[in-house]
Amino acid sequence: MTLAEFYSALEAMGISLVFLMLVFVPMEKVFPAKKHQKILRPKWLLDFCFFLGQYLLWSGLVLWTLNYFADYLTSIIPNSFQQKIASQPFLLQVFEVLVLSDFLIYWGHRLQHNVDFLWRFHKVHHSAEHLDWLAAHREHPLDSIYTIGLINLPAFIMGFPLESIAGVIAFRGIWAIYIHSNVRLPIGKLRILIGAPELHHWHHDLDRRAGNYANISPIMDVIFGTYKCPDKEPEKFGIQEETPNSYLGQLIEPLLPKRVWDRIKQGSEKL
Amino acid sequence: MKNKIIKVATLTLFSSLIIGFVAFQSGYFGGKKSSVSGSPNGSTLINQADTIQKVDSIKWKKSFLISSSKSFVIHDPLKGLEDSTKLDSSLQIDPLIYSSKSGIIVTPEDLKKMVKDSLEQDSIKRK
Chain P
1 MTLAEFYSAL EAMGISLVFL MLVFVPMEKV FPAKKHQKIL RPKWLLDFCF
51 FLGQYLLWSG LVLWTLNYFA DYLTSIIPNS FQQKIASQPF LLQVFEVLVL
101 SDFLIYWGHR LQHNVDFLWR FHKVHHSAEH LDWLAAHREH PLDSIYTIGL
151 INLPAFIMGF PLESIAGVIA FRGIWAIYIH SNVRLPIGKL RILIGAPELH
201 HWHHDLDRRA GNYANISPIM DVIFGTYKCP DKEPEKFGIQ EETPNSYLGQ
251 LIEPLLPKRV WDRIKQGSEK L
Chain X
1 MKNKIIKVAT LTLFSSLIIG FVAFQSGYFG GKKSSVSGSP NGSTLINQAD
51 TIQKVDSIKW KKSFLISSSK SFVIHDPLKG LEDSTKLDSS LQIDPLIYSS
101 KSGIIVTPED LKKMVKDSLE QDSIKRK
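These protein sequence lines map, in sequence, to chains P and X.
Going by the numbering used here, the residue at position 188 of the first sequence is 188; the numbering climbs one at a time, nothing skipped.
Going by the numbering used here, the residue at position 99 of the second sequence is 99; the numbering climbs one at a time, nothing skipped.
Mixed in with the good hints there might be a few duds.
Capping the alpha-carbon separation at 27 Å, the derived lysine-lysine pairs in BS3-like fashion look like this [what the hints assert, rightly or not]:
(1) P:K258 to P:K43
(2) P:K35 to X:K2
(3) P:K35 to P:K236
(4) X:K2 to P:K38
(5) P:K228 to P:K35
(6) P:K189 to P:K232
(7) X:K33 to P:K189
(8) P:K228 to P:K34
(9) P:K232 to X:K32
(10) P:K258 to P:K34
(11) P:K29 to X:K33
(12) X:K4 to P:K84
(13) P:K29 to P:K228
(14) P:K189 to P:K34
(15) X:K7 to P:K35
(16) X:K7 to P:K34
(17) X:K4 to P:K189
(18) P:K29 to X:K7
(19) P:K34 to X:K4
(20) X:K7 to P:K232
(21) X:K4 to P:K35
(22) X:K33 to P:K38
(23) P:K265 to P:K43
(24) P:K232 to P:K35
(25) P:K34 to X:K33
(26) P:K29 to P:K189
(27) P:K43 to P:K189
(28) X:K4 to P:K29
(29) P:K38 to X:K32
(30) P:K232 to P:K34
(31) P:K232 to P:K29
(32) P:K43 to P:K236
(33) P:K43 to P:K29
A few chain P positions that, by computed beta-carbon distances, are all more than 10 Å from chain X [as the list claims (entries may be wrong)]:
(34) M27
(35) K38
(36) W44
(37) F90
(38) L91
(39) H109
(40) D143
If you are wondering where the hints come from, they were derived from the structure by calculation, not from laboratory data.
Predicted model, so just to flag it, every value in this text is computed and none were measured.
Every residue, glycine too, gets a C-beta built ideally from N, C-alpha and C.
Construct the entire structure; sequences and hints are all you get.
Here it is, written out as structure tokens:
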């Protein structure tokens with residue numbers, strides 16, 4: 001990363017921080033899910049480190065990996081297949097891309113909760129005990145590569161230019177942050193179509209297999225029987241396992257075998 | 001009443017900012033279109049390098065793919081050239097070299113073109 005690129009990332013981070021605070025802080029104050037949760041609640045600094053890390057360190061790595069992955073797929077997918085897809089009506093292509101990516105991310109996400117190897121990385125995201133817009137950024141970079149790779153996979157395979165539905169992508173991006181926010185604003189039956197914080201909060205329940213794995217629309221959860229929406233908020237968020245309290249610890253722990261990590265932890269406790 | 005006004009104002013601000021953001025990311029107000037979906041867990045909103053520089057797969061394969069010896073498709077070097085770099089249409093000849101057993105190698109029309117061309121080029125050189 002050159003100095004100019006670093007300044008550019010710093011600028012993007014600053015603008016995003018101000019924008020996200022403007023969007024979500026008033027909502028969290030006026031329509032709070034947990035009424036007594038403060039803006040600077042416990043572990044906000046840890047989540048802020050994840051926020052900084054995403055903008056300044058990891059997004060470049062994630063995009064580089066995706067680029068590499070997209071180029072590889074481009075070289076192996078037959079032209080005739082992509083041409084057939086491109087000859088379909090545009091709206092049908094949009095529908096296919098969105099439904100397939102929702103389907104993939106649903107099952108990919110469900111696997112993250114059921115396969116121990118994937119859970120090692122995904123549990124970093126679930127270790128947040130206080131949910132808000134900032135906690136949405138708590139994600140291990142390798143977990144980001146997995147989820148972003150899956151959500152973009154149908155478009156790569158189909159050769160579909162996602163920039164032609166940039167608005168939908170932008171909405172999906174900011175809605176993913178919104179469903180983590182400390183907001184409770186029931187939207188009635190509409191929540192079956194676009195999802196809501198009240199659904200996703202139950203996904204962050206202490207139970208590792210609590211359900212609600214879908215991305216934006218909970219339709220996949222309804223179809224596959226994992227939809228869950230009680231009328232109240234969960235009592236506690238987080239996971240039952242013990243996780244490191246520091247940013248570095250959260251990044252390194254999933255990469256190491258458990259006994260190695262335990263030895264490091266014991267060593268640091270002695271110091 | 002006061003509470004109601006605050007709630008309406010908050011919702012208005014929230015919806016306006018989201019609509020504005022979506023419009024910006026769709027290319028309005030000088031925004032840059034993103035070509036990558038972010039993480040469903042929530043990830044960077046604005047990234048200076050969030051467009052994947054994908055090579056157009058169809059073009060790439062047409063220009064650089066060399067057929068297998070078993071596929072019986074002979075690579076046509078003129079096909080990939082842009083119009084500006086192509087030869088004058090009157091001078092175009094079939095670039096395929098036929099087998100000694102296939103009969104026609106050069107048609108009389110092609111021969112005339114070639115002769116004319118060589119004479120013109122020679123005359124230029126002599127000057």
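Results of checking the hints against the structure:
1. Distance hint between K258 (chain P) and K43 (chain P) is fulfilled; the C-alpha atoms sit about 24 Å from each other, no more than 27 Å.
2. At roughly 19 Å between alpha-carbon atoms, K35 (chain P) and K2 (chain X) fall within 27 Å of each other, so this suggested pair holds.
3. For a cut-off of 27 Å, the pair hint linking K35 (chain P) to K236 (chain P) stands: about 14 Å separates their Cα positions.
4. A C-alpha spacing of about 22 Å is found between K2 (chain X) and K38 (chain P), which places the hinted pair at or below 27 Å, so the restraint holds.
5. Straight-line distance between C-alpha atoms of K228 (chain P) and K35 (chain P) comes to about 22 Å, which keeps the hinted pair within the 27 Å bound.
6. With a C-alpha separation of about 16 Å, the suggested pairing of K189 (chain P) with K232 (chain P) holds against the 27 Å cut-off.
7. About 32 Å separates the Cα atoms of K33 (chain X) and K189 (chain P), which puts this hinted pair outside 27 Å; it is violated.
8. Between K228 (chain P) and K34 (chain P), the direct Cα distance comes to roughly 19 Å. Compliance with the 27 Å bound is thereby established for this hinted pair.
9. Taking the CA atoms of K232 (chain P) and K32 (chain X), the gap is near 40 Å; set against the 27 Å cutoff, the hint is violated.
10. The hinted pair formed by K258 (chain P) and K34 (chain P) fails the criterion: a straight-line CA distance of about 34 Å is larger than 27 Å.
11. Straight-line distance between C-alpha atoms of K29 (chain P) and K33 (chain X) comes to about 32 Å, which puts the hinted pair past the 27 Å bound.
12. Distance restraint check for K4 (chain X) and K84 (chain P): the Cα-Cα separation of roughly 53 Å exceeds the 27 Å cut-off, and the hinted pair is therefore not satisfied.
13. This hinted pair checks out: K29 (chain P) and K228 (chain P) have alpha carbons roughly 26 Å apart, not beyond 27 Å.
14. Taken as a hint, the K189 (chain P) and K34 (chain P) pair is honoured in the structure, with Cα atoms around 23 Å apart against an allowance of 27 Å.
15. Restraint check: the Cα-Cα separation between K7 (chain X) and K35 (chain P) comes to about 15 Å, which is no more than 27 Å; the hinted pair holds.
16. This hinted pair checks out: K7 (chain X) and K34 (chain P) have alpha carbons roughly 17 Å apart, not beyond 27 Å.
17. For the hint linking K4 (chain X) to K189 (chain P), the alpha-carbon distance of about 23 Å falls within 27 Å, and the restraint holds.
18. Pair hint K29 (chain P) plus K7 (chain X) holds up; C-alpha atoms about 10 Å apart against a cutoff of 27 Å.
19. A distance of roughly 20 Å separates the Cα atoms of K34 (chain P) and K4 (chain X); the hinted pair therefore holds under the 27 Å criterion.
20. Our distance criterion of 27 Å between C-alpha atoms is met by K7 (chain X) and K232 (chain P), whose separation comes to about 21 Å.
21. Under the criterion of a C-alpha separation no larger than 27 Å, the hint pairing K4 (chain X) with K35 (chain P) is consistent with the structure, at around 18 Å.
22. This hinted pair does not check out: K33 (chain X) and K38 (chain P) have alpha carbons roughly 35 Å apart, beyond 27 Å.
23. At roughly 20 Å between alpha-carbon atoms, K265 (chain P) and K43 (chain P) fall within 27 Å of each other, so this suggested pair holds.
24. Under the criterion of a C-alpha separation no larger than 27 Å, the hint pairing K232 (chain P) with K35 (chain P) is consistent with the structure, at around 13 Å.
25. For the hint pairing K34 (chain P) with K33 (chain X), the CA-to-CA distance comes to about 36 Å; that exceeds 27 Å, so the pair is violated.
26. Pair hint K29 (chain P) plus K189 (chain P) holds up; C-alpha atoms about 24 Å apart against a cutoff of 27 Å.
27. Taking the CA atoms of K43 (chain P) and K189 (chain P), the gap is near 34 Å; set against the 27 Å cutoff, the hint is violated.
28. Distance check on the hinted pair: K4 (chain X) and K29 (chain P) sit about 14 Å apart at the alpha-carbon level, within 27 Å; holds.
29. For the hint pairing K38 (chain P) with K32 (chain X), the CA-to-CA distance comes to about 34 Å; that exceeds 27 Å, so the pair is violated.
30. Simply put, K232 (chain P) and K34 (chain P) have alpha-carbon atoms about 11 Å apart, close enough for the 27 Å limit, and the pair holds.
31. Taking the CA atoms of K232 (chain P) and K29 (chain P), the gap is near 18 Å; set against the 27 Å cutoff, the hint holds.
32. Distance restraint check for K43 (chain P) and K236 (chain P): the Cα-Cα separation of roughly 15 Å lies within the 27 Å cut-off, and the hinted pair is therefore satisfied.
33. Note on K43 (chain P) and K29 (chain P): the hinted pairing holds, with a Cα-Cα distance of about 19 Å set against a maximum of 27 Å.
34. With a least CB separation of 5 Å from chain X, M27 (chain P) falls inside the 10 Å interface cut-off, contrary to its annotation.
35. Every Cβ of chain X is farther than 10 Å from the Cβ of K38 (chain P); the closest lies at roughly 18 Å, confirming the non-interface assignment.
36. Every Cβ of chain X is farther than 10 Å from the Cβ of W44 (chain P); the closest lies at roughly 15 Å, confirming the non-interface assignment.
37. Chain X leaves F90 (chain P) outside its interface by the beta-carbon criterion, the shortest separation being 15 Å against a cut-off of 10 Å.
38. The non-interface label for L91 (chain P) is consistent with chain X: the shortest C-beta to C-beta separation is roughly 17 Å, beyond 10 Å.
39. Once the 10 Å rule is applied to beta carbons, H109 (chain P) is inconsistent with being away from chain X; the minimum gap is 7 Å.
40. Against the 10 Å criterion, D143 (chain P) falls within the reach of chain X, whose nearest CB is about 8 Å from its own CB.
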